[in-house]
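Protein chains: 2
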Amino acid sequence: MQRAAVIMAGGGGTRFWPISRMAAPKQLVKLTGDDVMINETIKHYDHVIGRENTFIVTNEKQAQLMDKVLFDEVDRSHILIEPVQRNTAPCIIYAAMTLKKMYGDALMAVLPADHHIGNIKEYERVINLALDTAEKTDRIVTIGIKPTFPSTGYGYINFSSEASVGTEVYDLLKFVEKPNYDVAKEYVDSGRYLWNSGMFIWKVSVILDYFKKLLPDMYASMEAIFDQLRTPDETKAIEATYPNLEKISVDYGIMEKAEGVYVIPADFGWNDVGSWDSLDNVFTGDSANNIVVGDKTNSILEGCTNTVVFDAVGDKYIAGVGLENSVIVQTKDAILVLNKDKAQDVKKIVDALKESGREDLL
Amino acid sequence: MQRAAVIMAGGGGTRFWPISRMAAPKQLVKLTGDDVMINETIKHYDHVIGRENTFIVTNEKQAQLMDKVLFDEVDRSHILIEPVQRNTAPCIIYAAMTLKKMYGDALMAVLPADHHIGNIKEYERVINLALDTAEKTDRIVTIGIKPTFPSTGYGYINFSSEASVGTEVYDLLKFVEKPNYDVAKEYVDSGRYLWNSGMFIWKVSVILDYFKKLLPDMYASMEAIFDQLRTPDETKAIEATYPNLEKISVDYGIMEKAEGVYVIPADFGWNDVGSWDSLDNVFTGDSANNIVVGDKTNSILEGCTNTVVFDAVGDKYIAGVGLENSVIVQTKDAILVLNKDKAQDVKKIVDALKESGREDLL
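Sequence lines, in order, name chains A and B.
Per the working numbering, the very first residue in the first sequence carries number 1242; after that it's consecutive.
Per the working numbering, the very first residue in the second sequence carries number 1242; after that it's consecutive.
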């Protein structure tokens, strides 16, 4: 069956300021690899889906940027443009209807634009297993990450104690919201909880049936313009229809209500690279656990430990003295110095810049 | 009697990298005031000596830079150029001989190029008192700073319990080297010790007599070229003589051996601005004790305490998040991020840059 990867890439990513900007969010910058994150993502499933079968749902502004950074192998007609942002359910039905129009039916993998994968071989194997399972069983398949610590930053998935298909595919019992630390610790200790990676695999026909049943208005609106999809009238039809679609996430609108969802517990060095402190889990530090990303001759860390230099431009020389647990970021127009324990507060910088009208820095 | 200020300005100042450089050391940069430090210094005694009576002893490289930064009122013929650096005794005899040639005799105040003075009025008053005392008594007068904490970074001066002249001029009993903390604490608690400020006031005739007696070879060498001073032959004569002068400090060569030295205990908000952490004592912080030097609209400190931003150029926006006790410095070509407790280690950065041949950053 035809396979397709759908990447939802509409987000802003303020937690990686000053690297990520409104115009160039996280997925469009080089953060953990040799290429921009969205290309790193596409590379990851080259052998199971193929970059030529990649679809991206994004907004107009980012689409223009993507045109510059994407592999030539990614068909530009595979970039679906949302006229307004309507959360993930509209985004997914748009992609699913597009695939239905193109292929009748297809295996569709919804994959993140901006996560780091440490073990590509294992990732490919798991995605392949998920695609095979979705094809054979007509079920929704999701991938849960085996937790390595009691994170309070992720949603969790509770799964069955016995595999339902083969040895690796389990019944998904329930989704749970981000827990507090004590609850997270219980989850991790129990061995029956996984991190929700936001990766979903299904047949187009299966997910569209769920939409018809669980989000019937949205389904009807999109079905009404099905004939215009992949025609010169598509843009006009989408622009008329999209703003009226319900703002709802696929997690809340479909996943939490769907029955018989499968989950594959996985361990492929996943990291959602959610904020500056998560680079520690992606790069290997030196003997003092310091990490330099960028031109390594352009900085010096004297008596520093557990410190990251992220040098995106290399124009000003960077010297750190006596720092602990810190991040120094240099871009063309900004310098960020961060205590890793406060990595979430980078958002406050972005908020303050908005308030003070510094559009040039956003 | 003619009064003259002599500023010794030959030093490098690696502890303020990246602001201070080999070519532009501390005294030639704006650090604590509206102007470069040497001009701030000259301003300080406008009312007691006058900037037109300022003499500067420096090297060729810095002399060229000074020509650009100095007040127009400072006579360019008052810049005395050392062909090689020979410590402070040669520097002072060169200046003293010059003043003798120009004025026969004069009151000479040796003042630092790069110290911060918080209370100018009081400083002027003390310098004036020192000049008057030197004039009336033919003694060497030095200024000791009333210690505010048991510093291990300064030499100390032990002084008599009773004033010898008026109510403020004491006998200097002895100079002592930088002590360890316990000793420093004893000194401060005793009330009989002062910090050695390196400010000396004397008559030219008096200090030259000391040279004749205590450093007779140096005296003879300089006396031999006395006729050439202030003539077109001066440069040639100095270049021939200077390299042969003994490398010795005025403290060791004269001061510690001189008898009958007076000291004036003083308190005029003195700070030698020795390293990045000393800016705390010069500037007043905000409610979180943060200090921004430079364009205040070009940085933001979110959840930071006791942190300094020193922005010499303002081209890249600076954001600090969750920092404590830190210094961020931006210059045209470098960024320094420093834990204040390690302020002395900035020197190691300079050493490392030297070793790796980064002359462009020195």
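Please note: incorrect hints may appear among the correct ones.
[As the list claims (entries may be wrong)] Non-contacting residues of chain A with respect to chain B, defined by C-beta distances greater than 12 Å in every case (computed):
no., residue
1, Pro1259
2, Lys1342
3, Val1417
4, Ala1465
5, Tyr1483
6, Ile1559
7, Ala1593
[Stated by the list, open to error] Here are the simulated distance ranges between beta carbons:
no., chain 1, residue 1, chain 2, residue 2, range
8, B, Val1554, A, Val1310, 28 to 34 Å
9, A, Asp1527, B, Asp1574, 56 to 62 Å
10, A, Tyr1493, B, Asp1556, 24 to 30 Å
[Unchecked claim] For lysine-lysine, the following BS3-like pairs were computed, each having C-alpha atoms within a straight-line distance of at most 27 Å:
no., chain 1, residue 1, chain 2, residue 2
11, B, Lys1537, A, Lys1581
12, B, Lys1573, A, Lys1573
13, A, Lys1588, B, Lys1537
14, A, Lys1581, B, Lys1419
15, B, Lys1581, A, Lys1589
16, A, Lys1595, B, Lys1537
17, B, Lys1498, A, Lys1581
18, B, Lys1419, B, Lys1498
19, A, Lys1341, A, Lys1488
20, B, Lys1589, A, Lys1537
Treat the hints as calculated values from the structure; they're not laboratory data.
Beta carbons are placed, not taken as given, at the ideal position from N, Cα and C, and that holds for glycine.
Here's how the hints hold up against the structure:
Not every Cβ of chain B is farther than 12 Å from the Cβ of Pro1259/A; the closest lies at roughly 7 Å, contradicting the non-interface assignment. The non-interface label for Lys1342/A is consistent with chain B: the shortest C-beta to C-beta separation is roughly 46 Å, beyond 12 Å. The beta carbon of Val1417/A is kept farther than 12 Å from every beta carbon of chain B, the shortest such distance being approximately 30 Å. Every Cβ of chain B is farther than 12 Å from the Cβ of Ala1465/A; the closest lies at roughly 48 Å, confirming the non-interface assignment.
Every beta carbon of chain B lies more than 12 Å from that of Tyr1483/A, the smallest distance being close to 36 Å; the non-interface claim holds. For Ile1559/A, the requirement that its beta carbon stay farther than 12 Å from each beta carbon of chain B is not met, with the minimum near 5 Å. With a closest Cβ-Cβ approach of about 6 Å to chain B, Ala1593/A is found to fall inside the 12 Å limit, against its non-interface label. Taking 28 to 34 Å as the suggested C-beta distance range, the pair Val1554/B and Val1310/A conforms, at roughly 31 Å.
Taking 56 to 62 Å as the suggested C-beta distance range, the pair Asp1527/A and Asp1574/B does not conform, at roughly 25 Å. The hint said 24 to 30 Å for the Cβ distance between Tyr1493/A and Asp1556/B, and at roughly 45 Å that hint is violated. For the suggested pair Lys1537/B and Lys1581/A, the alpha carbons sit about 25 Å apart, so the restraint of at most 27 Å is met. A hinted pair counts as satisfied when its Cα atoms are at most 27 Å apart, and Lys1573/B with Lys1573/A qualifies at roughly 13 Å.
As the CA atoms of Lys1588/A and Lys1537/B are separated by approximately 21 Å, the hinted pair is consistent with the 27 Å bound. Distance hint between Lys1581/A and Lys1419/B is unfulfilled; the C-alpha atoms sit about 38 Å from each other, more than 27 Å. In summary, the hint linking Lys1581/B to Lys1589/A is supported, as the alpha carbons are separated by about 25 Å, within the 27 Å threshold. Using a Cα cut-off of 27 Å, the hinted pair Lys1595/A and Lys1537/B holds, with the two alpha carbons roughly 17 Å apart.
For the hint linking Lys1498/B to Lys1581/A, the alpha-carbon distance of about 55 Å lies beyond 27 Å, and the restraint is violated. Between the alpha carbons of Lys1419/B and Lys1498/B the distance comes to roughly 18 Å, so the proposed pair stays at or under 27 Å and holds. The hinted pair formed by Lys1341/A and Lys1488/A meets the criterion: a straight-line CA distance of about 23 Å does not exceed 27 Å. Proposed proximity of Lys1589/B and Lys1537/A is supported: the alpha carbons are some 18 Å apart, at most 27 Å.
When the structure is compared with the earlier hints, violations turn up for hints 1, 6, 7, 9, 10, 14, 17 and for no others.
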